[in-house]
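Put chain B on the given structure of chain A with help from the hints.
Just so you know, the protein sequences line up as chains A and B, in that order. Count along the first sequence starting at 1, add 122, and that's the number in my numbering. Count along the second sequence starting at 1, add 122, and that's the number in my numbering.
Just so you know, the hints here were simulated from the structure itself, not pulled from any lab data. Fair warning: there could be bad hints in the mix.
Pairs count within a copy or across copies, as identical chains cannot be separated in the list.
As the list claims (entries may be wrong) - No more than 30 Å apart at the CA atoms, straight line, and that leaves these computed lysine-lysine pairs for DSS-like: (1) LYS184 to LYS438; (2) LYS199 to LYS442; (3) LYS145 to LYS297; (4) LYS130 to LYS385; (5) LYS442 to LYS501; (6) LYS442 to LYS184; (7) LYS199 to LYS438; (8) LYS501 to LYS145; (9) LYS385 to LYS463; (10) LYS216 to LYS238; (11) LYS297 to LYS238; (12) LYS199 to LYS463; (13) LYS501 to LYS199; (14) LYS297 to LYS357; (15) LYS217 to LYS238; (16) LYS216 to LYS199; (17) LYS184 to LYS463.
Small disclaimer: the values here were computed from a predicted structure and weren't measured.
There are 2 protein chains.
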Amino acid sequence: MIQEDIRKDLQLKWRRLQENMSKTGADGCLLSVDVNLYYVAGRVYSGYFYLPAEGDPWLFVKRPNGLTGDQVHYIRKPEQMPELFAEHQIPLPKKLLLEGDELAYNEYMRLAAAFKPEETGNATALLRQTRSVKTPWEIEQFRLSARQHILTYSEITGCFRPGMTDIELQYEIEKRMRKNGSMGLFRAFGANMDIFMGSLLAGDNAETPSPFDFALGGGGVNSSLPIGANGTLLKEGTAVMVDMAGNYTPYITDMTRVFSVGKLPEEAYRAHQVALEIQEAVTNISRPGTSCAEMYNLSLEIAEKAGLGDCFMGTKQQAKFVGHGIGIQINELPVLTPRSKEVLEPAMVFALEPKFVLPGIGAVGIENSFLVTETGIEKLTIFEEEIIRLD
Amino acid sequence: MIQEDIRKDLQLKWRRLQENMSKTGADGCLLSVDVNLYYVAGRVYSGYFYLPAEGDPWLFVKRPNGLTGDQVHYIRKPEQMPELFAEHQIPLPKKLLLEGDELAYNEYMRLAAAFKPEETGNATALLRQTRSVKTPWEIEQFRLSARQHILTYSEITGCFRPGMTDIELQYEIEKRMRKNGSMGLFRAFGANMDIFMGSLLAGDNAETPSPFDFALGGGGVNSSLPIGANGTLLKEGTAVMVDMAGNYTPYITDMTRVFSVGKLPEEAYRAHQVALEIQEAVTNISRPGTSCAEMYNLSLEIAEKAGLGDCFMGTKQQAKFVGHGIGIQINELPVLTPRSKEVLEPAMVFALEPKFVLPGIGAVGIENSFLVTETGIEKLTIFEEEIIRLD
Numbered sequence: 123m124i125q126e127d128i129r130k131d132l133q134l135k136w137r138r139l140q141e142n143m144s145k146t147g148a149d150g151c152l153l154s155v156d157v158n159l160y161y162v163a164g165r166v167y168s169g170y171f172y173l174p175a176e177g178d179p180w181l182f183v184k185r186p187n188g189l190t191g192d193q194v195h196y197i198r199k200p201e202q203m204p205e206l207f208a209e210h211q212i213p214l215p216k217k218l219l220l221e222g223d224e225l226a227y228n229e230y231m232r233l234a235a236a237f238k239p240e241e242t243g244n245a246t247a248l249l250r251q252t253r254s255v256k257t258p259w260e261i262e263q264f265r266l267s268a269r270q271h272i273l274t275y276s277e278i279t280g281c282f283r284p285g286m287t288d289i290e291l292q293y294e295i296e297k298r299m300r301k302n303g304s305m306g307l308f309r310a311f312g313a314n315m316d317i318f319m320g321s322l323l324a325g326d327n328a329e330t331p332s333p334f335d336f337a338l339g340g341g342g343v344n345s346s347l348p349i350g351a352n353g354t355l356l357k358e359g360t361a362v363m364v365d366m367a368g369n370y371t372p373y374i375t376d377m378t379r380v381f382s383v384g385k386l387p388e389e390a391y392r393a394h395q396v397a398l399e400i401q402e403a404v405t406n407i408s409r410p411g412t413s414c415a416e417m418y419n420l421s422l423e424i425a426e427k428a429g430l431g432d433c434f435m436g437t438k439q440q441a442k443f444v445g446h447g448i449g450i451q452i453n454e455l456p457v458l459t460p461r462s463k464e465v466l467e468p469a470m471v472f473a474l475e476p477k478f479v480l481p482g483i484g485a486v487g488i489e490n491s492f493l494v495t496e497t498g499i500e501k502l503t504i505f506e507e508e509i510i511r512l513d
Numbered sequence: 123m124i125q126e127d128i129r130k131d132l133q134l135k136w137r138r139l140q141e142n143m144s145k146t147g148a149d150g151c152l153l154s155v156d157v158n159l160y161y162v163a164g165r166v167y168s169g170y171f172y173l174p175a176e177g178d179p180w181l182f183v184k185r186p187n188g189l190t191g192d193q194v195h196y197i198r199k200p201e202q203m204p205e206l207f208a209e210h211q212i213p214l215p216k217k218l219l220l221e222g223d224e225l226a227y228n229e230y231m232r233l234a235a236a237f238k239p240e241e242t243g244n245a246t247a248l249l250r251q252t253r254s255v256k257t258p259w260e261i262e263q264f265r266l267s268a269r270q271h272i273l274t275y276s277e278i279t280g281c282f283r284p285g286m287t288d289i290e291l292q293y294e295i296e297k298r299m300r301k302n303g304s305m306g307l308f309r310a311f312g313a314n315m316d317i318f319m320g321s322l323l324a325g326d327n328a329e330t331p332s333p334f335d336f337a338l339g340g341g342g343v344n345s346s347l348p349i350g351a352n353g354t355l356l357k358e359g360t361a362v363m364v365d366m367a368g369n370y371t372p373y374i375t376d377m378t379r380v381f382s383v384g385k386l387p388e389e390a391y392r393a394h395q396v397a398l399e400i401q402e403a404v405t406n407i408s409r410p411g412t413s414c415a416e417m418y419n420l421s422l423e424i425a426e427k428a429g430l431g432d433c434f435m436g437t438k439q440q441a442k443f444v445g446h447g448i449g450i451q452i453n454e455l456p457v458l459t460p461r462s463k464e465v466l467e468p469a470m471v472f473a474l475e476p477k478f479v480l481p482g483i484g485a486v487g488i489e490n491s492f493l494v495t496e497t498g499i500e501k502l503t504i505f506e507e508e509i510i511r512l513d
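For reference, chain A alone in the conformation it holds in the complex (with noise of 0.2 Å):
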């Protein structure tokens, strides 16, 4: 079903959820979210992934049909899952963790019913906890998107032509991305983070405010979709910042470059050197151990000493947080917040993104991803950082 090398990372992957799990008091965890089955299994399925605290898991398989392998099963429905279990004298978990952040009250409910645990917890907490230290395998993964990012990057000012709108610049690098291999999908946790292959904003629509948990808003296109691009005119003084996906491979690399019609106006440059600023100085003191909050703290430090805290972020609403892990989905573990308790740890990646927006130019800023080594921090985004000119 999977090869050797994707084999031995799953097994890496269940070892570090068992351990973790084993802080919980739980007999085992149930899983069915596309992201998580993705993570434990390799495959997205339909169906569920149970691993239990101690030894191999076990899959169960609704659809696709023709899938193999000595822990495959396959069942209908989820009641069949304890029938399996009492034919094969496994005893049923008594503490289970079922994906509560994520499964549908009704799924989860039924799953719980046909289990009937004497206690459940959060499987959502445990993944997102051993999903935000990354195996080699997903480290390589980042190194192939980033590689694909960056070449999509290098491809923008090619697709520029006077007197477009920021949606035409936008479908013209969604083109490249999927040219250069991304799968187009993008993929966010929580509810509503609805996004089409990231953002680009420009000019004063940079300021819009979303209804969205991402860094930057924008109108968008209706008001069914109100994040991003909005038909603005790339007109000449207009600064254009291109955060689009880097999934090239389900692990997403984040990068964020900034690119201007003509000259744009001195504080424009002036308040993109202060978000290299920020950069330099966090990525300086990241390493294993760094506090989290205190990346987001020295971040707004830098930007009010500059004068432009009240542009940090956004204006008329501001994100509180300067970054984020990455992985399977773009808003994974840590988080660079004001009050997180995270700290780094080796393997984690995540991206940093100081942004400033500017009334009547746009936004400003950069945006790369990071691994986190044993020593301090390796950028996998490496591509020019001034403001680019289109034109």
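Same frame as chain A, but now just chain B:
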């Protein structure tokens, strides 16, 4: 906040929801899922929408900043809602409907704990039932989507170059979609319904079973998104089924056409004619009151009579439906399945998609979107229905 025609449409939707809610004995429903918020509020936001059994709704908004209106109250957390009820001397609902098939378990429990209703019920069922019968404004949106959907399909032959793969053809079509106004994002109901902008299936990739509850499968580009185009070379004699989304407004039309590289074997044209016969026969019996089960069973009967039962809606894995409601999501009610209890009602909008998968050739068949009128049905996606040469 919103235009007058949209306000009238929203009021009509609230009245219909209240009519259907009265049958459940509920005192109110609380909504927060993107598609439901768009339905009742005309925009997606982060927050909640409370519709009482009688009277006007309340909008509780977390983000974005700046929404206005009589019914708009800003909150930071859901627990503030019952406090606001008390402040305005409005009784708390004894029976409260929550989105049980959509809300994450922990969010559902939090809302139930905040409101402490004596009883909860399923707002998902209420919304899906109500949303299945469209309003005049919604029908207009489908007409706008259909027009752009047809325009894009008329540009498909111009996307083809000899030596292309299915993915290369798909991203050329995606670019035309975006140029013609596609919002990109493609919404489906249910867990793990991963797909990107639609499906393009060439040759034997059409046989590959997928985990998802879409009509056909395909291997996809990686095991994190195992559906659709997989890099198949578009060589002479290949059937290419294009089922790309009609998301040009928030109301999605659904439309499939088959293209060929060169001439296909005779059996492909024969099977394609059988699909057109099924469409003809089913549309002939379709009117208010027609059983959705009958529509499926008639389709299967014609397929079997033609000796094509084994490749109807797939081979290795066969979908057990031949059509489905469409709307803000691609898979709304009703569903045309063997044992559906639903009947067509005026102003329902549905897709009918009889398809056959032919080993060594690919998928053939047809899909169109239909509006149920007072006396019959009207085809919304009028475009060439024979197999179209790409070269």
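I want to check one pair: LYS297 and LYS357. Are their C-alpha atoms no more than 30 Å apart within a copy, between two copies, both, or neither? both (22 Å within a copy, 23 Å between copies)
Regarding LYS145 and LYS297, is the shortest C-alpha distance of 30 Å or less found within a copy, between copies, in both, or in neither? neither (46 Å within a copy, 49 Å between copies)
Go through the copies and call it for LYS501 and LYS145: within, between, both or neither, with a Cα cutoff of 30 Å. Classified as neither: same-chain Cα gap 33 Å, cross-chain 59 Å, threshold 30 Å.
My question is about LYS217 and LYS238: at a cut-off of 30 Å on alpha-carbon distance, are they close within one copy, between copies, both, or neither? Classified as both: same-chain Cα gap 9 Å, cross-chain 26 Å, threshold 30 Å.
For LYS199 vs LYS442, is the C-alpha pair at or below 30 Å within one copy, between two copies, both, or neither? Cα proximity of LYS199 and LYS442: across copies only (16 Å, versus 42 Å in one copy).
At most 30 Å between CA atoms: does that hold for LYS501 and LYS199 within a copy, between copies, both, or neither? Answer is neither: 46 Å inside a copy and 37 Å across each miss the 30 Å cutoff.
Alpha-carbon proximity context of LYS297 and LYS238, limit 30 Å: neither (49 Å within a copy, 50 Å between copies)
Within, between, both or neither: how does the pair LYS442, LYS184 come out at a Cα-Cα threshold of 30 Å? between (41 Å within a copy, 14 Å between copies)
Intra- versus inter-copy proximity for LYS438 and LYS184 (alpha-carbon distance at most 30 Å): So LYS184 and LYS438 pass the 30 Å test across copies only (14 Å; inside, 47 Å).
Same-copy or cross-copy closeness of LYS130 to LYS385 [CA-CA at most 30 Å]: Close neither inside one copy (52 Å) nor across copies (46 Å); limit 30 Å.
At 30 Å max between alpha carbons, let me know whether LYS385 reaches LYS463 within a copy, between copies, both or neither. neither (42 Å within a copy, 64 Å between copies)
30 Å Cα threshold - placement of LYS199 relative to LYS216: This pair counts as within: shortest intra-copy Cα distance 21 Å, inter-copy 33 Å.
Violation of the numbered hints given earlier is confined to hints 3, 4, 8, 9, 11 and 13; the remaining hints are satisfied by the structure.
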